[in-house]
Amino acid sequence: MKNSLRLKAGAFLTTAFGVILVSGITGGLTFAAETLPAGFKKGDLAPAPSADMIEAGKRVYFTKCVWCHGVDGAGDGPGADRLWPRPRNFNQGTFKIRHTASGELPLFDAKKPTPGQNDLFETVTHGLPGSAMPSWEGILTEEQRLQVLSFVTTELVKDRKFTDKQSESQTVLQLGDLKPIPATEESLKKGAELIVEKKCVECHGADGRGDGNAFNLKDDWGFSIQPANWHKCWNFRGSRQDPYNVKNIFRTFSTGVNGTPMPSFADNSTVEERWHIANFVNSLCEREADGTPLAIDQLTDKPKVNFVLSSGVILDNAEIPADPENELWQKRARRIIAMGGQITHKPRNFVNRIDDIWVKSLYNDKYVAFMFQWDDRTKSVAEGKLPWPPTSVNIDVKEQDPKTGEEGSIASRQNNYAVYNDAVAIETAVKWKELPAPIKPRYLFGSNEQFPMDIMKWEADGSLRAFKGTGWDKDFEERDNYEESSKLLFSEWKNGRWTVIIQRPLGNKKDQDYDEDTFFETGQYIPTVFFAWDGHNGDAGRKMAVSAFYYTFLEPPTPQEAYIYPIVIAVGVVFLEGWILMRRANKRKGKNV
Amino acid sequence: MKALMSVAALMGAAGILLLAAMTVGIVPSNTVRLIEGYMPVQVIAELTLFVAGFTGLSYMMSAMGMAFPRFWQGILFWAFLLIYLKFRIYPPIPFSVRAMYGTISLVAIFMWVSANEEDWKKFKQPIMNVLDAKTGGTKALRIGYLVIIPLLIGGFSYNAMVPKSEEPIELRTVHPAPPASTKVHGKTYTLQTSQNPYRVNPEGKYDQEYSNANIVEQGMGRLMKPNANPWDKDAQGYLKYVREGGEIFYQNCHFCHGDNLNGRGLHAFAFNPIPANFTDPGTIAQLQETFIFWRVSKGGIGLPNEGFPWASVMPPWEQHLTVDEIWKVVLFEYWHTGYYPRTWD
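Chains as they are written, first to last, in our numbering: chain A, 1 to 593; chain B, 1001 to 1345.
FYI, nobody ran anything at the bench for these hints, they're computed from the structure.
Don't take every hint at face value.
[Stated by the list, open to error] Partial chain A-side listing against chain B, Cβ under 8 Å, derived:
#, residue
1, L140
2, T344
3, S447
4, S547
5, I567
We put the beta carbon where it would ideally sit given N, CA and C, even for glycine.
Looking at chain A on its own, in the form it has when it is part of the complex (with noise of 0.2 Å):
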């Protein structure tokens, strides 16, 4: 596009002062070459697809994609307004993961499904994580998924031709060809200065958690975008399924996000600094405490959930640290707990901004703290009193109509909410002891009176208050006497992190109320849930964030006898050994005799 552009000038200027030709094409093609940037090389447009593939693939349109896509390709399906970010609007050939300059169409060759060389394909392939573009691997077979990109690439791509030579160009990333700096201290080093000397900072802000520019970005259809969070790799949407590969990061730097503020860095770095920056904006990927790189569950492209969340033990009635630097926090396992919106009941929130926690939880003989730490691009606290009381849960927050049109979507409307406070809180059972595993109360604010659930909510206000739940649709109860027992122990946002730590007795039956308080008792699985607010989401009352049922395990300590028996069992087998060995001898004996 730019070098096309370039071109056109030239030919402008030739005819205007009506000077030599040649001289002026020469002349403008020899600038493009010398203005290509580093790592890129020029590419030949690929040749139309077939009648017959753009038939079938409108076929497979029709069942598949137009539900989000919309008829003309607009973005405008009957799931849009619904989704954040919402869906392609192919009609401008504006696509976001390429190996082409910035501003160029993607690759896409319906002849030639090879990855590298084929970016439509890829994205429908491998789905864009982050967003409600699945993949489509295994789905739809090679041949369906070139045909339905031949019929969107000539039909539905209405202001650009993929096969126009005169105003399309193609400058490809030679991305196979370059190879990755290994990610040396010294690269990450240099990558980490990078990104200041080259303002990435300012949007994805100083730890890249995408908190720098949260509010005022906006994608070129006006919708509002934000900076992508380098600490969720898996959420990338050039990611292709392999989230921990810097080849990745390489060529969304090298190229830009078209259609987004997202510039491409070609012209301004050296292949060298872009991989240093690569490689850094990668080691910040949330890994397992040794650097590996987690789990990723390949159903669902997130990292894999385990449901039990251990308790490491304080022993000699020391205090639960409050300094999450502390080293007893510091070398605490993490579990991460995943989030969805909650949609079950209304208001539900189709787009919930916290889709992770990692939580650490101790616990001494008379506590058990919990911290959590999640990212959210936004502190938000409430100006002035909430209109409702904070046991209220029938609260009226409207949700998101199926169908609005473009300005009234979630994607318009985005930070543009009235803001609340952001929250969390953690759920667990009331007398759960005497429910016969696996039955609960319900996981959204008890079953009933009988078994209620003992919620535990921190506010971005600084309080810390305990509710009983009885049911979805009711309003919590206070609980007596608990909050003075409880305490928060430290909160802060930084850098597009909230760390909250609180503490809340362990539960005896002098000081609690078995009827209110969840009892937490070593070696027990208790039922946990986990539920998170965003107050620039608008998130309040049931409009939040929800976990699955966990547990919380308090990890009793190491018994003695857990050293005694293996011995005396050990010794145990020499015995049988030896007895065995004596009867085959004897055997053998009187056989020969």
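Please arrange chain B on chain A, whose structure you already have, making use of the hints.
Relative to the frame of chain A, chain B by itself:
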């Protein structure tokens, strides 16, 4: 016979090499894909092929004078089964279930090696050799076992006694018995006699044959029939209602059940039990349309205890949709997956 056996042997060798390469990751682990929905049949077929292949291998080796001892055959086959269960089957099955299969196959292998006196003797021979320890090698082996077995058992028992946390296993009934009737928006629907009012031909008459003829085609991709496009402006009756049902589905349901109705929606990863996969032949294909109507209307909260109503996030859709909208969504789900609803008779 020999030709047949050599084909089987070739097949067995190729199969085991491919499986090993896929497990280790030399070739992509999806080279031979497990087809969703047909996995049990495919697994049984694959195992049958492997058994045939191994029989051929063993025959060929003994024909070439390199007979493989029965003892090692048994052990290797058992090891093969365990590895197959662990690495081949996806989604992975829990250890407890694998242990069960492992025990059953161990018993089966014992029955096989002890089928007649001679086989059993041959099988026992290596064990007896070690017990008797007549050569230097077996002596060393015997001492090794003497030391290693107590250590291993001691280690295992320590491991078993150290406090650990494992996800409790909870067995949920996915399709609990439905009630005789259900009341939605003030009207009672008898499940045995109710019909989807939108399963109609263009003239507006209930017509299951017409609708069954216009669902998407089974087979890869599950695409619509060429002349049955619900987005056709002139679509009437069944197809028109399929489109309306689809609109509701993509405004409400795909968040969990997924764009392709396979239970892999945006929020699916956060929930447990995971959302139902309608493309699986074990879900809506096995159920009556009125059963789906009941499940959609009442949601997780309306389930009997064996369906884990406390954990299901399935909304009671009567709170969000009208009766007509629910019927249309049900209609759409059958259209899009290409399944016929089951009838009561």
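To see whether the hints hold, each was checked on the structure:
1. L140: This interface hint holds because 5 Å falls under the 8 Å limit.
2. T344: Holds, because the Cβ-Cβ distance from A/T344 to chain B comes to roughly 4 Å (cut-off 8 Å).
3. S447: Constraint on A/S447 satisfied, holds at 7 Å.
4. S547: A/S547 check passes; min Cβ-Cβ to chain B is 6 Å, inside 8 Å.
5. I567: Since chain B brings a Cβ to about 6 Å from A/I567, closer than 8 Å, the hint holds.
The structure fails none of the hints (numbered hints given earlier).
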